[in-house]
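Residue numbers (my numbering), protein chains in the order written: chain U, 1 to 169; chain W, 1001 to 1186; chain S, 2001 to 2173.
What the hints contain is simulated information worked out from the structure, not anything from laboratory work. Being a predicted model, the structure only gives us computed values, none of them experimental. Heads up, the beta-carbon is just placed ideally off N, CA and C, and yes, glycines get one too. Any given hint could be a false lead.
Unchecked claim - Cβ pair distances, simulated, as ranges:
hint: 1; chain 1: S; residue 1: E2064; chain 2: W; residue 2: G1162; range: 43 to 49 angstroms
hint: 2; chain 1: U; residue 1: H46; chain 2: S; residue 2: D2158; range: 39 to 45 angstroms
hint: 3; chain 1: U; residue 1: E127; chain 2: W; residue 2: D1075; range: 33 to 39 angstroms
hint: 4; chain 1: S; residue 1: E2064; chain 2: U; residue 2: T159; range: 37 to 43 angstroms
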Amino acid sequence: MQFFGGSEISPSPPVPTASGNNAHMMYVFNRNGICLLYKEWNRPLHTLNPQQDHKLMFGLLFSLKSLTAKMDPVNADKGNLGVPQLPGQGCSFHSFRTNTYKLSFMETPSGIKIILVTHPKTGDLRESLKYIYSLYVEYVVKNPIYSPGSPIKSELFNTALDQYVRSIS
Amino acid sequence: MAPVGPRSGDAIFSSIDRVNAELFTLTYGAIVRQLLTDLEEVEEVNKQLDQMGYNIGIRLIDEFLAKSGVSRCVDFKETAEMIAKVGFKMFLGVTASVSSWDADGTCCSIILEDNPLVDFVELPDTCQGLYYCNVLSGVIRGALEMVSMKTEVTWTRDVLRGDDAYELQVKLLKQVAEEYPYKDDE
Amino acid sequence: MVREVAESCVDTMLMEMVAMYSGRFYANKPELAARRIEAIGYQVGHQLSERYTMERPRFSDHLEAIKFICKDFWSEVFKKQIDNLKTNHRGTFVLQDNKFRWLSRVSVEPSPEKETEDPSTPGESKAAQAVSMYLYFPCGIIRGVLSNLGIPCAVSADISSLPTCSFVIRVKA
């Protein structure tokens, strides 16, 4: 697994867009690692092609989850490093922050992963991610012509999501 | 902010969008009848109902998780209780009970006393061998598979076959860990 | 008290019933899948109408029966009434529901801004086909209700812009 190959990281934190939107991009993965949705609001820097980008993000979360559980000083319910976990097993990280961005992460027991990358000063987004999951349920899962596991193509979902994400501060 | 515990089935059912159960019951009945006409083999009808349920379970699991606030399903015992107390209540408006655990906690029974699927149903003699409610076992199997539990779900009692309750046996075959889905050299 | 179940129970059951017939049984014979889905709807409409009309006097004419569908029947099933009823007074009725419940969450690709080169993408026509398959069910329901009321007819559905849906009823003379 390659983590930072070939990427150049911007040294200066991104400026929030004029609309007051704090979000950079968002990913939704299912339990098989398929990227159901990728959306970006403000991402001036692209260093990888979309497939590599999605794979890198998924790999980052996969490893980080296993590492955070391994380092857990209080909870005995942890797997061995490199041994796959069940979704919802062990402790779980929900965000990390760098000097240029914040990544918020939620994973449901059904293995749906929602990742939102925002301005580093954004607050706790756990409730927001839950809300996004409920949008996913309403507009994606309940769309009669959506087949589970396929990329999300829904105008209703996109509109609702976009409106909500732009309101996050 | 303390994590909010799972919401009760009653609370969810009262806040969720609901429809007249007649539509549900009659639609299911019409599907079963049509399948019996189209497929002839009762065994094949059972299979299709189960498959339909499985696909329904795959969709319903996320609504269940989103509305109930359940954030982990690792323990099979706890999960079975959740299905019975919260799952059945929030979708069908009825409660089920869990019993008959085996020694190692991997097999139990879910018992339904009230079952909206069978309101106004009477099976003719020509339907010998039909598991009318097979969609339900499929739903449970599909939903559990999405939370990493491979199960086998079978009917052990069925009022339509002369028993005194509806009873499903749910047997945990294995828990499937999440795998890294890509090959490293891709 | 009227017994209720979660709306998702009906919604997901319909989705998977349609998927079973149009995707698994008759993937290459859409007209056969359509006929089965319509037949299931027909049975449901027939039985529902039996239940909902038990205690009412017989309808004096076709328009009365159609109005029953628009108001009472639609309210029972969809918790709203038909928004607009038109007729040519020669046996054709058009029932328009501006927010048809079973289409309220149907959504496809966002209206393309850049990718307008190919307006008839296969994905889009596939989606349109999937939606029309879905609509055979309510068409069957309406035909079932009217048939139970002694009015033989043909019913088709027409969607111009989601989630508006028009049902066209042609009464057989």
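Verification of the hints:
1. Taken as a hint, the range 43 to 49 angstroms holds for the pair S/E2064 and W/G1162, whose Cβ atoms sit roughly 45 angstroms apart.
2. Checked against the hint of 39 to 45 angstroms, the C-beta distance between U/H46 and S/D2158 comes to roughly 44 angstroms, which is consistent with it.
3. The hinted window of 33 to 39 angstroms between U/E127 and W/D1075 is violated, with their beta carbons roughly 25 angstroms apart.
4. For the hinted restraint 37 to 43 angstroms between S/E2064 and U/T159, the CB-CB distance of approximately 41 angstroms keeps it satisfied.
Figure legend: structure checked against the earlier numbered hints; the only hint not met is number 3.
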